[in-house]
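Number of protein chains: 6
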Amino acid sequence: MATELPSYEHFNVTFPQEYVAHIETNRPKKMNAYFEPMWLELRKIVDTLSTHPSVRSIIFTGSGPAFTAGLDVKAASQGLLSPDGSKTDPARTAFQLRRHVADFQDCVSALERCEKPIIIILHGISYGLAIDLASAADVRICSADAKMCVKEVDIGLAADVGTLSRLGKVVGAFGWVKEVCMTARVFGAEEAAKVGFVNRVFADKEAAIKGGLEVAGLMAKKSPVAVQGTKELLNWSRDHNVQDGLRYTGVWNSAALQTSDIQRALLSGLEKRTPTFEKL
Amino acid sequence: MATELPSYEHFNVTFPQEYVAHIETNRPKKMNAYFEPMWLELRKIVDTLSTHPSVRSIIFTGSGPAFTAGLDVKAASQGLLSPDGSKTDPARTAFQLRRHVADFQDCVSALERCEKPIIIILHGISYGLAIDLASAADVRICSADAKMCVKEVDIGLAADVGTLSRLGKVVGAFGWVKEVCMTARVFGAEEAAKVGFVNRVFADKEAAIKGGLEVAGLMAKKSPVAVQGTKELLNWSRDHNVQDGLRYTGVWNSAALQTSDIQRALLSGLEKRTPTFEKL
Amino acid sequence: MATELPSYEHFNVTFPQEYVAHIETNRPKKMNAYFEPMWLELRKIVDTLSTHPSVRSIIFTGSGPAFTAGLDVKAASQGLLSPDGSKTDPARTAFQLRRHVADFQDCVSALERCEKPIIIILHGISYGLAIDLASAADVRICSADAKMCVKEVDIGLAADVGTLSRLGKVVGAFGWVKEVCMTARVFGAEEAAKVGFVNRVFADKEAAIKGGLEVAGLMAKKSPVAVQGTKELLNWSRDHNVQDGLRYTGVWNSAALQTSDIQRALLSGLEKRTPTFEKL
Amino acid sequence: MATELPSYEHFNVTFPQEYVAHIETNRPKKMNAYFEPMWLELRKIVDTLSTHPSVRSIIFTGSGPAFTAGLDVKAASQGLLSPDGSKTDPARTAFQLRRHVADFQDCVSALERCEKPIIIILHGISYGLAIDLASAADVRICSADAKMCVKEVDIGLAADVGTLSRLGKVVGAFGWVKEVCMTARVFGAEEAAKVGFVNRVFADKEAAIKGGLEVAGLMAKKSPVAVQGTKELLNWSRDHNVQDGLRYTGVWNSAALQTSDIQRALLSGLEKRTPTFEKL
Amino acid sequence: MATELPSYEHFNVTFPQEYVAHIETNRPKKMNAYFEPMWLELRKIVDTLSTHPSVRSIIFTGSGPAFTAGLDVKAASQGLLSPDGSKTDPARTAFQLRRHVADFQDCVSALERCEKPIIIILHGISYGLAIDLASAADVRICSADAKMCVKEVDIGLAADVGTLSRLGKVVGAFGWVKEVCMTARVFGAEEAAKVGFVNRVFADKEAAIKGGLEVAGLMAKKSPVAVQGTKELLNWSRDHNVQDGLRYTGVWNSAALQTSDIQRALLSGLEKRTPTFEKL
Amino acid sequence: MATELPSYEHFNVTFPQEYVAHIETNRPKKMNAYFEPMWLELRKIVDTLSTHPSVRSIIFTGSGPAFTAGLDVKAASQGLLSPDGSKTDPARTAFQLRRHVADFQDCVSALERCEKPIIIILHGISYGLAIDLASAADVRICSADAKMCVKEVDIGLAADVGTLSRLGKVVGAFGWVKEVCMTARVFGAEEAAKVGFVNRVFADKEAAIKGGLEVAGLMAKKSPVAVQGTKELLNWSRDHNVQDGLRYTGVWNSAALQTSDIQRALLSGLEKRTPTFEKL
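Keeping their order, the protein sequence lines are chains Y, Z, S, F, W and G. Count along the first sequence from 1, add 82, and you get the number used in the numbering used here. Count along the second sequence from 1, add 82, and you get the number used in the numbering used here. Count along the third sequence from 1, add 82, and you get the number used in the numbering used here. Count along the fourth sequence from 1, add 82, and you get the number used in the numbering used here. Count along the fifth sequence from 1, add 82, and you get the number used in the numbering used here. Count along the sixth sequence from 1, add 82, and you get the number used in the numbering used here.
No lab work stands behind these hints: they were computed from the structure. Don't take each hint at face value.
Heads up, the list lumps identical chains together, so a pair's fine if it works in one copy or across two of them.
As the list claims (entries may be wrong) - Derived lysine-lysine pairs resembling DSS-like cross-links, with alpha carbons at most 27 Å apart:
{"#": "1", "residue 1": "K229", "residue 2": "K111"}
{"#": "2", "residue 1": "K354", "residue 2": "K111"}
{"#": "3", "residue 1": "K229", "residue 2": "K292"}
{"#": "4", "residue 1": "K111", "residue 2": "K156"}
{"#": "5", "residue 1": "K354", "residue 2": "K156"}
{"#": "6", "residue 1": "K229", "residue 2": "K354"}
{"#": "7", "residue 1": "K229", "residue 2": "K276"}
{"#": "8", "residue 1": "K126", "residue 2": "K156"}
{"#": "9", "residue 1": "K112", "residue 2": "K354"}
{"#": "10", "residue 1": "K276", "residue 2": "K292"}
Please put together the full structure from these sequences, using the hints given.
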């Protein structure tokens, strides 16, 4: 299937298992620091995989030891963070910044709206944008050497591409969220596991990828109608009250329960074999 | 008081302590697997206890080693999961499924809307519907042998009677919620305690029931006006922003603070004795 | 700067570090139990510090061993909890109670709406109102001897000045929240840390204050535009869905990103020195 | 089909046209004033028609000249409005009132949740409960002699079974809504039409019924999948923002668009004949 | 009662009828144009009347022919609209503007949160702030000579103290709202009545005041528990979905229905006399 | 400026006045019926104009007598409305339909998210999609010959690209909305004006275009910071409660009030000349 996809400039996209895609940020010399063309390309990749029938789950890593050092501050300081307010009035600058931030946010949100589950694997330096991306993914795991940080206040800004909107919804301890976001202190794998930011810690990056593939593989073996519906319903329910969650679930399943996957799954269960499901 | 209640077909309802009711699913030969008449009867029981003046808290268990194996798949595959789409068009089938799911959801929601707190005790096999029910209860405890699982994707469907709408609201670590819901992997008591799904783990079912009764007993000894108001206000606040939570609380308490329970509680406190409260 | 502030009757307000304020409840003989003039004064203090340009973060403690025993029940039983329903009809009493509760709630909410982060340090007896205040603060830490309790049901009422609306939003394990709110049982430092209610436990009050000052100091050294924006955006996002969180963030940052703090922070980073920022 | 339904005590239910039901309140000697058994029976009727495959739209009128004089105050003053607060404390009375009001509200809400559109025809005296019911219906029309009134403040209470929650959502001019709700002044047909409370005014009750049947008949001739989906989506959208409205619509229609009604409707359109649709 | 209130600098507050207060903006020489001390004083007045037991409804007019020409632009251009961005960075200016706007908004919102209904009477020039105030009032009436205008875009800004948040909620025709807000064109009494912005038009200011007093008088004669509850419930329902509206109503009325006003109103009704009600 | 834009296949885009764009659907031989490439192209055009600095307002019409006959049913019946359910299971078909509808909705929503105000001019046949588009525009005007219809139920489906989510938010009379959506009856210009669906009716298409250009011209002459902010704040407020509306407005204006447009507008006002504003 790899041949079906175009090749990408800043990312490697491979298919280590049937129905499992692997996105790898590929700028190891710069610790995978992001500049604009990268997040634009990431959106394109994720949007493509979202409806690609041969993909049922995705893992996401960085090339080399660091997941990402975050925003390429040098590039940003010539662009986004350098609005050049001198030339125009602050209101017009604000319009441009707002559009720019909204587009950047949309690239990160691609992970959340992706119809397939995404397991993100943090390893080594995982700063700033790493947390935005991780919070938009579905499952977070990390290697023991991961160093994580909501870095933004250190460069004078409030994180604006997702961390502040999502971190409090993926970690229950809101006091911890506030502390790490307002101090920009680095936290490690153990702490991340303790507060529930990551699901699991592995000895090193290699083991973490293997662990991530296992989770991704498990998901890829189930009915895609069931798994993708589950992702959608969990995300919807996070953003709505219980009653709206239940109602939406009922409407969603009024179509989904008509899938033949249920009969296949039940039959396979009785016959003790692994079911196969049509593409979706 | 037991004599005041009718006897039920699929459940035992007893009163192990003053003001404490015990609901026990009673289909141990089938590992307490549920079919439709059971959830309809459960709703009837919970709705009755909800306004029963002799009940102030409730524990909920299963008869035998398993809490419940979940949906009785055999029964369901002849009913709910067998919409017989061939006979009619998918839109009409969808209307029927939606009504059916809504009614089933309503049975599970009975636990949440019950005015009295419900302590659910998971033990042994606690699959599928067990998690829906547990998420709708107020306090979850389990025995060390509990095996829990959001089973639905294994049979080709997204859980639709409450788990997906509530689990992310009772457990803070949303990545964990996503993982267990999209992999259907079994998790045990220790893990459940670590992520906060259960409040406490006991050595075995017997100890867990004893522990559950202690919690239930503590609640039953307090002012029912205070305890039932607390349940309502916590549930409301979960579904609303802080400002709406505070406002609703103020309106609620504008009546509740006029209770004589406050004077009774204060006086008993001074006199170092246990207060008694009028029925509610 | 201390001289710029008026002196207060029930609180000591000091400035242990540059840009860090310390609020101390000062009624140690009564275990810092609160009566109405105290919460009114607390609001005044916090509202003042909220926009005071010399304050960038705040720690909050109690004088003496107890943080607070909660409401001064004796005072309350002659006021708020003694609505004297006999003289008027319950509806009119309800109007008065509602106004009274709303005003009290507003005093507690002052901590949440304060533009600067507040680190609250629970020590010794920390009952009732202690939890309301702590839930409205940003970061909670405690000493090993802290004894915490959502005390309200013990005196016949549902907590109404913030705990029920906020505790479920700062602790992920909702079953734990329900248990402690409906049983009024005391919990200690270790349990509080385990469920994520407090960020950290220190050996004693003195160490906890030192720890709190460190966190406060870290925050005070960052750009105040960044830190205060972060607090606001985290609080907004807690109360809104992700999309509204992102949109609001973009609008907020369309002004905030025009700050010179970003250039200062970036430059200082390159030059390996600590940046200084204009007052805010 | 009439024979399929049980006969009712306080209402006449007839079928004046194919697929159109007519509910008539039948207590003309008391100007159709409602007491509790009546609203309980109304709920039963509407819930039955809601899923009855032979019903596609409903008109609702009163027997005799008055639609309804509202609550039977005499009956209510011995029940709902006589909480007998002397016997118990106000908090316990509040619990009972809340349950009672909730159940009454649910009876009125039956009109809104009914899957089929309801055209209500106000004629003659249409006070109090008339407005609650009318606001919960889908289309309101009236005869020229209709005298309407949000009567509740005249008897010392805020309308609590729907008018205050719905009237502002069916009439755009919120100032008018506030005026009629806070003055209890009577308004006539012309005013009701001008503000958009009723869709149309007819010369007399007979003409209004004929007009109502025409609207109901039009709806009954369309695809029931389309009409019932439209009611649901309009009600959902009223209560949600546009984005949630669109999303829910897309999910709903992902099943509904699979109906054969579309092919039938398109074909009939080409062949210039009236389509027929399977029951729903 | 007039003597009970302090006298005010920019407003006349009188009591033309029992239980009815009249607020009159008193800066006729400047067409009642507002500058900061005026809106701060207005808040004080309205907050006072809100809980004043001798007030049950309020009318609000301007002294002289104009209701208000809006913001005193000259004063504003030296204050609010002159942020002097040159001296500080735009982010810090934004903090100050935000606080300033929030405080100004709060002064206008005083009309909405006032527990008593407010009838605003627009006459002559009624520009800018006039519409903000009118949208926050409960009932709007006007004289035939009223010239109304959402003036803000004419001075380069989006209206920010209420019009944009409320006008679309008091007028149903959203296209009209958008047109008048984005063109700043003047509209007259007839148009205002046609779109439902005002409830009624009177020949001149004198007649409008008389008409306003009639509406206010009607409200003042009803049970204050009922009328004030009605205002609160209508405002709440405007901002919430129907279900939350109903639930809140039930909780509110669980206290309010215990009022003796109901018995008084019912008895008076039977005895054909005007009821009197205790103060509130 | 026209030369700066590419030419489009299905639309004419012209610039009849400075800062005013005119979009004209250009398929007059088919009564401007839409098929998929058309709505995709419309999105591209509107998204482009949204940030084009030379555009400050937009009018939208159809070429020839009809605005649009709606969906090109023939094309749709081979695509969207022909899901070919036979080949796959209904759940998979549902996934495809949902994606398809979501993309179509997004094309219509382009009008709403466009930063510039859009005045839509309905003329002649304006069916189905015409109402979806019109509801997403800001101001609706029409010619006297306009024939409007929410056509969808006539072809067996619930309108799903915007009408059901937006019509009830642009017209206050919800009963009228329900009637026209569930009967698919045609309504004319006079009725549309009476219920507030259109702002104004003109004698014929030519006059309507002239009238539309006048409104658009008025908007184009004001500060673009003010007008575009006003559109955004009105749309946000429609979807949020008043408090969130006010808060968002304050944050938005904390940047917008720093514009030089305010000084320009004030000065021009004093000097009685027309201000000019920088591009945005």
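Structure-based check of all given hints:
no., hint, verdict
1, K229 to K111, "within (18 Å within a copy, 46 Å between copies)"
2, K354 to K111, "between (49 Å within a copy, 22 Å between copies)"
3, K229 to K292, "both (20 Å within a copy, 25 Å between copies)"
4, K111 to K156, "within (15 Å within a copy, 56 Å between copies)"
5, K354 to K156, "between (57 Å within a copy, 16 Å between copies)"
6, K229 to K354, "between (43 Å within a copy, 21 Å between copies)"
7, K229 to K276, "both (15 Å within a copy, 22 Å between copies)"
8, K126 to K156, "within (24 Å within a copy, 33 Å between copies)"
9, K112 to K354, "between (49 Å within a copy, 20 Å between copies)"
10, K276 to K292, "both (21 Å within a copy, 24 Å between copies)"
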